[in-house]
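Protein sequences appear in the order of chains A and B. Residue numbering for the first sequence follows the working numbering, starting at 395 and increasing by one per position. Residue numbering for the second sequence follows the working numbering, starting at 2 and increasing by one per position.
It is worth saying that the hints were derived from the structure and are not from the lab. Please read all numbers here as calculations on a predicted model, not as lab measurements. Beta carbons: idealized from backbone N, C-alpha and C, even for Gly. Worth double-checking, as some hints may not be accurate.
The calculated lysine-lysine pairs, modelled on BS3-like cross-linking and capped at a C-alpha distance of 30 Å, are [said to hold, decoys possible]:
hint : chain 1 : residue 1 : chain 2 : residue 2
1    : B       : Lys151    : A       : Lys411
2    : B       : Lys10     : B       : Lys151
3    : A       : Lys677    : A       : Lys459
4    : B       : Lys226    : A       : Lys840
Far from chain B by the CB rule (all over 12 Å, computed), these chain A residues [to be verified]:
hint : residue
5    : His746
6    : Thr763
7    : Pro811
8    : Pro841
9    : Glu1005
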Amino acid sequence: MEGVKLNKEKTAGSTKKIRLWMKMALREIIRNPGFALFFIVNLSVGLAGFIALHSFNHSIDNHLKQNLNEILGADIAVQASRPFSEEDIQVMDRVLGDGVMESRQVTFFSMLSGEENSRLVRVVAVDNSFPLYGNFVFENRANLEHPGPLNPAVKHPGPGSHPDQSVQSGQADHPDQSVQSGQTDHPDQSVQSGQRDHPGLWLTREASLALGVDTGEIVRMGNLDFKVAGVLISYPDSSITAFEFAPRIYMGISHLENTGLTGFGSRIRYAIFYKLPGKIDAKQKAQELTRHIQNIFDGTPPITVQSSEDANRNLDRFFGYFTGYMGLVAIVAIFLAGIGTAYLFRGYINAHLRETAILMTLGARRSETCLLLIFQLMLMGLAATILSVLLSFLILPLFPGLLGGIIPENFETAAAPSGIILAAFLGIPGSVIFCLPVFAGIYTLKPVVLLRGIDETGGVALGNPGTKESKNSIIKKEFIISALSGVPALLTFWILAVWQSGSMEQGTIFFAVFFAVMVIMAIIGFSMIALVEKFCATPRVMIKIALRNLHRHKVSSMACFVTIAMGAFLMNLIPQIKNGIQEEIARPEGLKIPGFFLIDIQPEQLSPLGEFLHDNGLALTNASPMVRGRITSVNGEAFNDKGTFRRREFNFSCRESLDISETIIKGKALNPEPWDFESDLPMEISLEEGFAERLHLNIGDSMTFDIQGIPMEGRVVNLRKVRWNSFQPNFFILFQKGVLDDAPRTYLASIPQMPQKERMELQNDLVRNFPNISVLDVNRTVNQMLGITDRLTFAINFMAWLAVGAGLVVLFSIVRHETRKRSWEINLLKVLGAGFSHVRLIVLVEFGFLGFSAAIFAVLLSLAASYGISWLFFEGLWSFGWGYALLSIAAITGISILTALAAAGRVIRQKPVSLLNSI
Amino acid sequence: MTLKNTILKVNGLWKSYPQAGPLPITVLKDVDFEIGKGETVAVTGQSGSGKSTLMALMAGLDSPDRGSVVLDGQDINLMNEDQLARFRASHIGIIFQQFHLMPHLTAQENIMLPMEILTMKYDHLGIVRRARELLGMVGLDDRRDHTPAKLSGGECQRVAIARALAVEPLILLADEPTGNLDNSTGEKVADTLFHLVNSCSMTLIVVTHNMKLASRCQRVIKLEKGRCTWEE
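The shape of chain A in the complex, shown without the other chains (with noise of 0.2 Å):
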């Protein structure tokens, strides 16, 4: 009973004592407002980021989600480059057994043309059975009246098309918008009022507009006339993205043939789309039909099975690469901020080391003192969440903005509640863990100090008189216990860049460069300092005594030199990065961009077209041979990317000459003699070097490839940097001249720039004599493309600035502490003799010279440690702004000064008075 009754008194006072030490706390934070609104401003900036960025990503991942069969259109999908033979359907079916509905459906690009206009698009054949999944809504009501479905109310032939002929998915969604069963709206069924003969096609919206037809209109499309049938709003996949390389339409694929742009050469994607009965797991059948395909094509297929899971995988690559990169800013905003509430309260810690010495004189054990101050930083840290979380909800609706065109326009931002939590991690036990360092002062604390003093300058409390060697003592214990406790920080930034980057190796790489910066700042600046001793024999007095403060203060010189160096140097690092990413997508100057981009040209018609161009005063240019084909082999072993470009098929070319937008960075020029088929030897092979690294193919690798049926082996003798951004002819893989010379092939070619006025004559011109012909506008793709790259270096530019603003907090932050805290120095120069001006040129002396030291080496460490990352996380695109980083060292000198200058105007007209009461 005794027991019982003693643990409930021992219970009752630790609750007692928490609750005081809660009071005590809130107490304190309530009497240091500024260093309070300092921190939790400093925290939130570095916050607000990263949580409105897991909430981003968070939505991407919901978006997926919720359209996950519609973004396939099927649970699974068989895709292949050429028709499906009966061999392959077979096996589709006895692996996927009954009850399965099917769609075909066949794409590819293609000449559209209207009345006036002519325009490249993305066909969609499809069957009376699409979709599976999801529905077509069309810009009005009224265009749902048209009867006619896109295809005859025929039974598709082959094994597995079911009878129901009419469009059915999303019909419960949207049930006024869509096409409604049974009201024969398929284009490809002739239009039965009036123009029988036309059968119908459903425009995109942007596809409508870029034509300048409606429905009802007649547009023309290789050889048949096809009449719209509808402009669509959205359709099954359109919940993936908002930009395509090519409006899309779609037709019935039953009048396919007709249209004659199905021949040979022609770059046709078939697919079969499956929607599994009841609750058969789309995922295993999708790796048993693999597994059966495979087994029939010896490891090789030419035909490609997708779940509806694989499809959301490779959209969530899509947005990985992008959400990756300013995840490591955001990153860099919280270390930022990390740095930052440190470094304040390391000040204020060592601004209430008495108050501290006093409690424990009064009985407070070394651990409630820490108590006390764990408690100030969680309820700092919880003030700080609760803002982060409230900024977060206002930059997170300008992702959509900021994205707009890239992300789908159905796309809803929502807060995720994991970003709260992950929030309140690190803004509550993520504050103190930040801190933690700092709480070594407290352990070498001793209340002796009260009858003492207290070095509060160099954060050092004095347990001893101030001896050298005690001095050093204690300052080495201090330095191995802040060592020790600022492990648990290090853990969680590193935790961080593994989680954000998603790999460990990237992650730890990016951790480790940070890491190694803080020693090397840490070296530099503790050099630096003890240089300065050395010129504080200046007969400047006032020179000197600032020389003489940076020296005799070394501790806080060290603190303030490396901090704001590491500043300095992250606000450098993501700008440096992103000027080799802009430099990349920018339009490349020199090279001259052509007007028309030419595919699909059969070989007979080279000499025709060329005709044609040269009537009308312009030339064929770059006419480049292109054949498919597979790679069976590398070094012998088979081929099978599962990582990288997940696909087999690739497009071969060969060239008499490099073309200007490319040039060998490693080995020799392709052999120009012919390749002898007799020979031996094997072919000579070039390779992009981007696909030799991702396939970690080097020089004098073989390759062995399948082209149209025909082995072929080869040996890589060089590697080639291609300007993709030219839209040049440019392929991943050149053959030896005269491999292909016999292979059935189409011709890719450019057409140089002309009069604006004279493009959209030109390019109807072309479409009307040359119909298979695929014509792209490149100074419509260019401005399309340069339209998404604006939108994306903006969304860059925003993270990189949120760096820089939690930057410039921090830099602030250290300033004025680090002039409050000389506050009592500078007073007593005034009682000395000395005036404002005099004052002035001490505090400009002192932290102009720590910050424009501090901000050269952060730049050169910015600028080495940039090329490092470019190099490995964005294909070494990397260039010198020497315009920012001079403008860096300019502003953050000029910073330093203007801060500590701002920070001590209020003790500069302090009145010397105050030294007497600052006891």
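Starting from the known structure of chain A, fit chain B onto it as the hints suggest.
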């Protein structure tokens, strides 16, 4: 000399600090004395004689190289840091020359603080009642809601005295309690201190070089170059 009712026993106390040179500087050399319960004792000596070091060792704020400090039968040098903190809280009251009040707490809150730290011994109402009683005893009833910044030096020291007495310690250690005050205020503070100590029959050790203050004590211990001599 052995006293009846000894409350504090200092045995062969040595304390030295390392120096820049090869030899450490010895501040206290074999200091021995005993103090009886309810005694008032002054420790005097010139600057550098080791007064403050002795005070720090008696309060358990620092540890000696050799020797022991036995308070109420317990050798404080054998205690670990946490035990010492709690022992100090309940057994020793300390008054500093610079007052060392918590700046953000009011006069009453400052007095309540040591009692709040010793949660097991007091309840909240008891703490408030005791703090107000002490404020009345030091004549600061009307200043209870003022923070130290709004109090004069003399008032701050009176709050510090009240705080030191709050937990009814066995012994009160005062380090130059009037050192930061003018003569007149210093005398008033000393009057308050001695009045309270006498009324509670509390043991008081005052470290001072103020001979007038020292003369108010029953005994004086004089330190010279780290060694102590007795004076009546």
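A quick look at each hint next to the structure:
With a C-alpha separation of about 29 Å, the suggested pair B:Lys151 and A:Lys411 falls inside the 30 Å cut-off, and the hint holds. For the hint pairing B:Lys10 with B:Lys151, the CA-to-CA distance comes to about 40 Å; that exceeds 30 Å, so the pair is violated. A distance of roughly 15 Å separates the Cα atoms of A:Lys677 and A:Lys459; the hinted pair therefore holds under the 30 Å criterion. The straight-line distance between the Cα atoms of B:Lys226 and A:Lys840 is roughly 25 Å, inside the 30 Å bound, and the hint therefore holds.
Some Cβ of chain B comes within 12 Å of the Cβ of A:His746; the nearest lies about 9 Å off, and the non-interface call is violated. The Cβ of A:Thr763 sits about 10 Å from the closest Cβ of chain B, inside the 12 Å cut-off, so the non-interface label is violated. Every C-beta of chain B lies more than 12 Å from that of A:Pro811, the closest at about 37 Å, which supports listing it as non-interface. Consistency note on A:Pro841: stated as away from chain B, yet its beta-carbon is not over 12 Å from all of that chain's, at 5 Å minimum.
With a least beta-carbon separation of about 92 Å from chain B, A:Glu1005 lies farther than 12 Å from that chain, consistent with its non-interface assignment.
Checked against the numbered hints listed earlier, the structure breaks hints 2, 5, 6, 8; every other hint is satisfied.
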